[in-house]
Structures are given as structure tokens and as C-alpha cells.
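J.: The lines below spell out each chain.
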Amino acid sequence: AQSVTQLDSQVPVFEEAPVELRCNYSSSVSVYLFWYVQYPNQGLQLLLKYLSGSTLVESINGFEAEFNKSQTSFHLRKPSVHISDTAEYFCAVSDLGNTPLVFGKGTRLSVIA
Amino acid sequence: GAVVSQHPSWVICKSGTSVKIECRSLDFQATTMFWYRQFPKQSLMLMATSNEGSKATYEQGVEKDKFLINHASLTLSTLTVTSAHPEDSSFYICSAPTRGNTGELFFGEGSRLTVL
Chain A
82 AQSVTQLDSQ
92 VPVFEEAPVE
102 LRCNYSSSVS
112 VYLFWYVQYP
122 NQGLQLLLKY
132 LSGSTLVESI
142 NGFEAEFNKS
152 QTSFHLRKPS
162 VHISDTAEYF
172 CAVSDLGNTP
182 LVFGKGTRLS
192 VIA
Chain B
11 GAVVSQHPSW
21 VICKSGTSVK
31 IECRSLDFQA
41 TTMFWYRQFP
51 KQSLMLMATS
61 NEGSKATYEQ
71 GVEKDKFLIN
81 HASLTLSTLT
91 VTSAHPEDSS
101 FYICSAPTRG
111 NTGELFFGEG
121 SRLTVL
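Those protein sequences? They're chains A and B, same order as listed.
Using my numbering, you'd call the opening residue of the first sequence number 82 and step up by one each time.
Using my numbering, you'd call the opening residue of the second sequence number 11 and step up by one each time.
To be clear, the hints were calculated from the coordinates, so they are not data collected in a lab.
Yeah, the Cβ is synthetic: ideal placement off N, Cα and C, and Gly gets one too.
One should not assume that every hint holds.
What the hints assert, rightly or not - Restraint-style ranges between C-beta atoms, simulated for each label pair:
1. A:Q91 / B:L36: 33 to 39 Å
2. B:T41 / A:Y120: 36 to 42 Å
3. B:M55 / A:E96: 31 to 37 Å
4. A:S111 / B:R109: 15 to 21 Å
5. B:S93 / A:T180: 48 to 54 Å
6. B:P96 / A:Q126: 42 to 48 Å
7. B:T92 / A:Q91: 43 to 49 Å
8. A:R189 / B:E97: 22 to 28 Å
Unchecked claim - If you only want the chain B side, here are some residues facing chain A, beta carbon under 8 Å, derived:
9. P50
10. L54
11. T112
12. F117
13. G118
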């Protein structure tokens, strides 16, 4: 079975500063990895995903994540955050689509003006 | 735009009543949908897998008689919380798999249930 660990439950950061949200996973098989973002009282929206190929994946709004197989990590980074990035971020893992997504506990990113 | 739609977004009910939440896939067919439950400031917990034309598959610890799931068509799954109690208050989110069988999901907007 897969599991996901997001070590930081809350990350406050000043506007325009860089941020990294950590995600580690555990799995005995190959995986697909996802980051979802959730704004208050809304469902989840896909931010980016790793399926295969380049280990560095990017989103359209400046986030990126790097798949590191040896460290079983998929940390999310952004070089300069905006107020609008304030949200809950969930890392999720799938065993190549064979079972439903397993989510981490989430990290609340709070961007401070 | 949204590809999975949930209704209602908010619902308040009295203890002992039943509440139905609808989840629709828009412009695509979903033979499988997943229902998640999210407590405040916590992650999503998979409740059940809804299968079109057959019984839902419930996760361990989820009462199937309490949370009735019906997937009567390829675009609609419903979750009915029967005889709701305050401890059932939560944010319920449905989702449907995208094409490609990668595990990626489209999520509905979520439904916040408050039981008084």
C-alpha cells in the first residue's frame, strides 16, 4: 500500500519569497505523483503531476516539483509566491492508476503581504 | 470549466433526517466515481468507490447503511447520508477518473454538510 507524508502542516511565507512544500511517499511499486491545490470551501484542482519522463514538472502558475526516486520525494517549489497562492496543498500518489489516489495530510500555505 | 459538478454546495439539516448529494460528470461518462470525506484542516479520506450498475465498494470503517451510494447512470452518482447526526457534519467531495488510467482525478466542488 502507498502512503504520503507531508511533514509541514502549515507554511507561512512572505509575498515574493520562495517556498518549498515537502512531500515524501512510500510504495513498493512504481508510482504516479500529483500535487493538488484546494481553496477554501472548494474541491481540489490539479496543480501538476509526474507520470514519466522528465523528473521536473511545472505548472502554468510558476510552481514546479521534482520527482526524486532515491529519496522517494516529490517536493513542490515556487521561487516567488503571491498572495493568491494562499491555499491548502495536497500531495497524492497512485500505483500507476490501479488504486484510488492516496493523499497526504495537506500543507496550508499562507502568504503574508 | 468544471468537469465534475456537485450539488448542493452547502446543506444544513436537522439530526435524524437524510441528505442526498449529487455528483455529475459533465461532458464525459464515468463508470467509476470516488467519494471522499474531509474533516476540518485534515486530508481527504476515501469513503467508497461508486460503480455504475453495481454496488459501491466501501472502505473499511465506513458504514454502508449510513452512507448510501447509487450510481444509476454513467454521469450521475449520489451519496445519501441517512439519519444524519452532528458527527456526520463534514465536507464531502466526489471525483471521477480522467482518461488514461493514471489515477488522476477530476474533483467536484464539494458539499459541506452541517447537521444540527
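J.: Indicate, hint by hint, whether the structure satisfies it.
T.: So, going through the hints one by one against the coordinates:
1. A hinted range of 33 to 39 Å for the beta carbons of Q91 of chain A and L36 of chain B is consistent with their spacing of about 34 Å.
2. Here the CB-CB span from T41 of chain B to Y120 of chain A is close to 29 Å, at odds with the stated 36 to 42 Å.
3. A beta carbon spacing of about 33 Å between M55 of chain B and E96 of chain A agrees with the range 31 to 37 Å that was offered as a hint.
4. The supplied range of 15 to 21 Å is met by S111 of chain A and R109 of chain B, whose beta-carbon atoms lie about 20 Å from each other.
5. Between S93 of chain B and T180 of chain A, the C-beta spacing of about 31 Å breaks the proposed range 48 to 54 Å.
6. Evaluation of the 42 to 48 Å hint for P96 of chain B and Q126 of chain A yields a failure: the beta carbon distance comes to about 30 Å.
7. Taken as a hint, the range 43 to 49 Å is violated for the pair T92 of chain B and Q91 of chain A, whose Cβ atoms sit roughly 36 Å apart.
8. The given range of 22 to 28 Å is respected by R189 of chain A and E97 of chain B, whose C-beta atoms sit roughly 24 Å from each other.
9. Below 8 Å, beta-carbon pairs count as interface contacts, and P50 of chain B has none with chain A, the closest being about 11 Å; its hint is therefore violated.
10. The restraint placing L54 of chain B at the interface with chain A holds, with a minimum CB-CB distance near 5 Å, inside the 8 Å limit.
11. Satisfaction of the interface hint for T112 of chain B is found here, the shortest Cβ-Cβ separation to chain A being roughly 5 Å, below the 8 Å cut-off.
12. Because the smallest distance between the Cβ of F117 of chain B and any Cβ of chain A comes to about 4 Å, under 8 Å, the interface hint for this residue holds.
13. A cut of 8 Å between beta carbons decides the hint on G118 of chain B: the least distance to chain A is about 5 Å, and the hint holds.
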